[in-house]
Amino acid sequence: MKNRFLAGPYLIWMALFTIIPLVIVLYFALTDSVTGRFTLANIVQMKDYLPIFLRSIWLAAISSVICLILGYPVAWCIAQTGPKTQRFLYMLVMLPMCISFLLRTLAWVAMLEDTGMINTALSYLHIGPLPLIRTNGAVILGMVYNYLPYMIMPLYTVIIKIDPRLVEAAQDLGCDHAQVFGKVTLPLSVPGIVSGITMVFVPAVSTFYISQKLGSSGTTLIGDVIESQFKTAYNPNLGAAMSLVLMILIFICIGLMNRFTGDDDEVMTL
Amino acid sequence: MRKVSKIVTVVIFIFLYLPMIVLAVASFSKGSDIAVFRGFTFGQYKALFDDHVLLPLLLNSIIVALASSLLSTILGTAAAMGIHRMGKRARRLAMGVTNIPLTNPEIVTGVSLALLFAFIGSMLKIKNVLGLVTLLIAHITFNLPYVILSVMPKLRQMDPNLTEAALDLGCTPIQAFFKVVIHEIMPGIISGALMAFTMSLDDFVISYFVYGPTFVTLPVEIYNYTKKPLHPKIYALFTLLFIVILLIMVLMNVLQAKDDKRRLRNAPIRKKVRQ
Numbered sequence: 001m002k003n004r005f006l007a008g009p010y011l012i013w014m015a016l017f018t019i020i021p022l023v024i025v026l027y028f029a030l031t032d033s034v035t036g037r038f039t040l041a042n043i044v045q046m047k048d049y050l051p052i053f054l055r056s057i058w059l060a061a062i063s064s065v066i067c068l069i070l071g072y073p074v075a076w077c078i079a080q081t082g083p084k085t086q087r088f089l090y091m092l093v094m095l096p097m098c099i100s101f102l103l104r105t106l107a108w109v110a111m112l113e114d115t116g117m118i119n120t121a122l123s124y125l126h127i128g129p130l131p132l133i134r135t136n137g138a139v140i141l142g143m144v145y146n147y148l149p150y151m152i153m154p155l156y157t158v159i160i161k162i163d164p165r166l167v168e169a170a171q172d173l174g175c176d177h178a179q180v181f182g183k184v185t186l187p188l189s190v191p192g193i194v195s196g197i198t199m200v201f202v203p204a205v206s207t208f209y210i211s212q213k214l215g216s217s218g219t220t221l222i223g224d225v226i227e228s229q230f231k232t233a234y235n236p237n238l239g240a241a242m243s244l245v246l247m248i249l250i251f252i253c254i255g256l257m258n259r260f261t262g263d264d265d266e267v268m269t270l
Numbered sequence: 001m002r003k004v005s006k007i008v009t010v011v012i013f014i015f016l017y018l019p020m021i022v023l024a025v026a027s028f029s030k031g032s033d034i035a036v037f038r039g040f041t042f043g044q045y046k047a048l049f050d051d052h053v054l055l056p057l058l059l060n061s062i063i064v065a066l067a068s069s070l071l072s073t074i075l076g077t078a079a080a081m082g083i084h085r086m087g088k089r090a091r092r093l094a095m096g097v098t099n100i101p102l103t104n105p106e107i108v109t110g111v112s113l114a115l116l117f118a119f120i121g122s123m124l125k126i127k128n129v130l131g132l133v134t135l136l137i138a139h140i141t142f143n144l145p146y147v148i149l150s151v152m153p154k155l156r157q158m159d160p161n162l163t164e165a166a167l168d169l170g171c172t173p174i175q176a177f178f179k180v181v182i183h184e185i186m187p188g189i190i191s192g193a194l195m196a197f198t199m200s201l202d203d204f205v206i207s208y209f210v211y212g213p214t215f216v217t218l219p220v221e222i223y224n225y226t227k228k229p230l231h232p233k234i235y236a237l238f239t240l241l242f243i244v245i246l247l248i249m250v251l252m253n254v255l256q257a258k259d260d261k262r263r264l265r266n267a268p269i270r271k272k273v274r275q
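Top line first, the protein sequences correspond to chains A and B.
Numbering follows our numbering, with no gaps: position 123 of the first sequence is 123.
Numbering follows our numbering, with no gaps: position 239 of the second sequence is 239.
Source of the hints: derived by calculation from the structure; they are not laboratory data.
Accuracy of the hints is not assured; some may be wrong.
On the chain B side, residues computed to face chain A include the following (Cβ under 7 Å) [stated by the list, open to error]:
hint : residue
1    : 12
2    : 14
3    : 35
4    : 83
5    : 101
Which stretches of chain A does chain B cover? Using the computed rule of at least three CB atoms under 8 Å from a CB of chain B, they are [said to hold, decoys possible]:
hint : stretch
6    : 103-115
7    : 140-151
8    : 244-252
Cβ atoms here follow ideal geometry from the backbone N, Cα and C, with glycine treated the same way.
Kindly generate the complete structure, drawing on both the sequences and the hints.
Encoded structure:
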């Protein structure tokens, strides 16, 4: 049976609409916007944006770590419940992702504003108004809020597969709770941790809406700059160069992360 | 430790649903400021149903989501069948390609497709190349990996003898697919299609780069709105959408539960057949 050829249309589609567009990005990144000649000027210009790159990476990295610290107990807790409760709780984790993230972020704006809900509540206690919005903290909060489910899902998928007999064996051999966690549960959840961090870091480092709404001009991220190159500044060559650098950066990060798991044979935990 | 993580879990769930509560409360407020509640009213819901801008945009979103999830489900299921049969090397390559849209930041996918469409537009000398077709292409492209990744595990779980039995009993490969295989992998197809549908319905970043003025979807319009003050009927719309998506999710859950039960019931019989 020539069943393999069923993948043909798909592969052609992906070549047309995934591979070729990336080649075009490469082409734009390496050509001049006016003359269309080969140039490295767009790439060299990146150094002006180095602080923004570093800030994006820094904020996304902090958000990933916070997501891991908050997400792990949640994933572990869900994995301890019965199968029906598990399915229900898992659904509750996924559900917020289906609602427009624009509006959810806007709801956070309403809460964090200088005249927003939190500051209004605080004013009754004669505190504040606190500078909550337009800070790095607010941007991190937005990232953690929006991408936390992406951390919980892969962690849960991995924790649920841990053989309970391994935990029992560790207990029988005299480990206390902390030791069982440190020596058995945590090492076995590494693939989930890696996949979770990747799934939080990638959208967080490239976001542009969260920083526009919750941040200020001082918290501009690389996504904001790329967006403006295409939508307001009309310099697609510079935008393409930035996209290229961002993409390479992310592939390096993922490559490094996958070293921790070693076996990368089709492990996609969604 | 158990207690601490339980408390954390409860707090996190409240944290995750806090903005939804804010939106739902705002949808019943008389004022237009989301942060201040000015008395209870159904007025926003009434305004929503008399509205002639938002609902057509929602319809646009649904059209794109339905068409793209349907097409990507067909294309993706066929692809999964093909990839399943491939040798190890070819499979690795195909899965590598599948992972590109998943690992690439959405903004890069959006930008790269925008450049492609601009390029095609200038080649064919079409002025406004962006529109429904470009949106559909983009949505199908990012939906495909989700379909493939939810169908593949079902193909792996399936007993390969079933297909062979069907073929031995005189089915053509196509009949074998529609009579046997499709029933075995149906839960994967359905969950892939639903995932594609919801991803597509709510997609903003990629759509934002490939939409044209002739065909705008709801999330893109909300983004354009948020530069101006938002009309509170949008909160009403999303409170309703939340309920709809909740129902879809519950349905998905029930389907999955049924599938698990069926698998449990069938498992011992299959073992006997093999002996």
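To see whether the hints hold, each was checked on the structure:
1. Against a cut-off of 7 Å between C-beta atoms, the interface hint on residue 12/B holds, since the closest Cβ of chain A lies about 5 Å away.
2. The restraint placing residue 14/B at the interface with chain A is violated, with a minimum CB-CB distance near 11 Å, outside the 7 Å limit.
3. Checking residue 35/B against chain A by beta carbon gives a least distance of about 4 Å; that is within 7 Å, so the hint holds.
4. For residue 83/B, the shortest C-beta to C-beta distance to chain A is roughly 5 Å, which falls under 7 Å, so the interface hint holds.
5. A cut of 7 Å between beta carbons decides the hint on residue 101/B: the least distance to chain A is about 6 Å, and the hint holds.
6. Under a criterion of three residues with beta carbons nearer than 8 Å to beta carbons of chain B, the stated coverage of the stretch 103-115 of chain A is upheld, 10 such residues being counted.
7. Here the stretch 140-151 of chain A counts 3 residues with a CB under 8 Å from a CB of chain B, which clears the bar of 3, and the coverage holds.
8. With 4 residues having a Cβ less than 8 Å from any Cβ of chain B, the stretch 244-252 of chain A passes the three-residue criterion, so the hint holds.
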